[in-house]
Amino acid sequence: MTAVQERLVAPLPLVEQFERGLDAPICLTWELTYACNLECAHCLSISGRRDARELTTAQCEAVIDELQRMQVFYVNIGGGEPTIRPDFWHLLQYAVDHQVGVKFSTNGTRLTPERAAFLASTDYVDIQVSLDGATAEVNDYVRGPGSFEMAVQALENLQAAGFRDAKISVVCTRHNIGQLDDFKALADRYGATLRLTRLRPSGRGADVWDDLHPLPEQQRVLYDWLVANGDGVLTGDSFFHLSAYGESLPGLNLCGAGRVVCLIDPIGDVYACPFAIHDEFLAGNLLSDGGFQAVWQTSALFTGLRQPQTGGACATCSFYDSCRGGCMAAKFFTGLPLDGPDPECVQGHGAAALLGERTVPASTQDHSRTTPGRNQPVMLQLSRRDDVAVPPVPACAESPLAGFLPTREESAT
Amino acid sequence: MTILEESWVLSPAVALRPEPFGALAYHFDNRRLTFLKTPALVAVVRALGEHDTVGAALERAGVPAAQHAAYADALEGLALTDMIRPQRQEAIA
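One line per chain: the protein sequences are A and B, in this order.
Mapping of the first sequence onto numbering that gives the first Met the number 0: position 155 corresponds to residue 154, and the numbering continues sequentially without gaps.
Mapping of the second sequence onto numbering that gives the first Met the number 0: position 80 corresponds to residue 79, and the numbering continues sequentially without gaps.
Any given hint could be a false lead.
Said to hold, decoys possible - Derived, one-sided and incomplete: chain B residues facing chain A with beta-carbon distance under 8 Å:
| no. | residue |
| --- | --- |
| 1 | Ala12 |
| 2 | Glu18 |
| 3 | Tyr25 |
| 4 | Phe27 |
| 5 | Leu32 |
| 6 | Arg59 |
What the hints assert, rightly or not - Derived coverage of chain A by chain B (criterion: at least 3 residues anywhere in the stretch with Cβ under 8 Å from a Cβ of chain B; other residues may be distant):
| no. | region |
| --- | --- |
| 7 | 70-82 |
| 8 | 269-281 |
Source of the hints: derived by calculation from the structure; they are not laboratory data.
Every residue gets a Cβ at the ideal spot worked out from N, C-alpha and C, and that includes glycine.
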């Protein structure tokens, strides 16, 4: 591509322009409900129970009308489990009929052969089936018993109905980095595309991040795998912190929160990004603050995020241009300063920062079930304690003379 | 013959969204997103269908002759992803 052409047309990136914000988001996530049949250990939105203030069908239609006027060309719908909403299929059709394409994330629970046939007949609909392990053992550990089988059944139904190019969406964890090739094979088997995203310490993820986030050497494995597989795997541009290894990954290598990305939650609250459902990143509510466009274009929070960023403690790092300080949400939810390194900084600055004094912020909303359901994951593993060399022995099985070493003098008398 | 002498038109599957830098082009069928980085290019792309040749559209938009080759490159790039189409093909379709 010549320099002049580069100035005229660009697939990506337009980093400086994006940092100042666009008239409408490029990538909008809309969580339709906090209700969910699963209780995944790392749920970003702390979902489980429906919120009584959930937007009505008419309110959702009004949001879609506004997105059409703003020319938001597609929306990523999630939850909770969005297909649980009785009006989900109606809203899907309504959006598509109003030039708002839909990509929805699901655990597969409602993707029956009949629904799969309906979906195969639509245009502008993309489906992401969540799967966090290439085997039931690894997946169900975080997503709960039976969730692997449910997702695979959904993929089978979609394939059988002729739905082409579904996405298998994987959150990369310490337990599944070794399964990347297996995930690819699984996607190939179902005629699907693999999508890998980063584990964030957001929502319930804050409780399990320490145990689940990839180890430093696994980050390198992941980076090398992403470079080798290039455009054949989707990432939601979520691994830009890995670009500090050297070669930039395809896509947008910057934090788009409040600039090109945002999230609408089930009650109409607008947050800076899907990984930042916290009062600190709440820009406003589309019901009480004059609609989505008003919140996107004029909220104080988003206006602030679109000001030039200094880079803070990262400004002197020679890799700052590659990773641009990493993920805002990952820093916030691990209690690190927003203008410092990402907790998973591949140059090691994050590990050092994590050792310092920090307070992990408490969540400001919680829709978890009040009593555990049957699908709650049981995060127990069989392991050994490093500080115990031999199995414990009941006291009664020990010799009464254990530890008694008679000395010559004592035995002599 | 270069693209400058051919007849092209904005693909009917494409929507242009104005942005401060130019426009965002979205193709509803292949779902590709492209950025037109100058307002002049946006004006040219919008007006392509009203002119018999790309060259005429460029002249009408006031693009200096010295920049025509660069615009031709940019438009060929857009043609690769069906953002713009030959007018004849569009008439048949």
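Enumerated hints in conflict with the structure, sorted upward:
1, 6, 8
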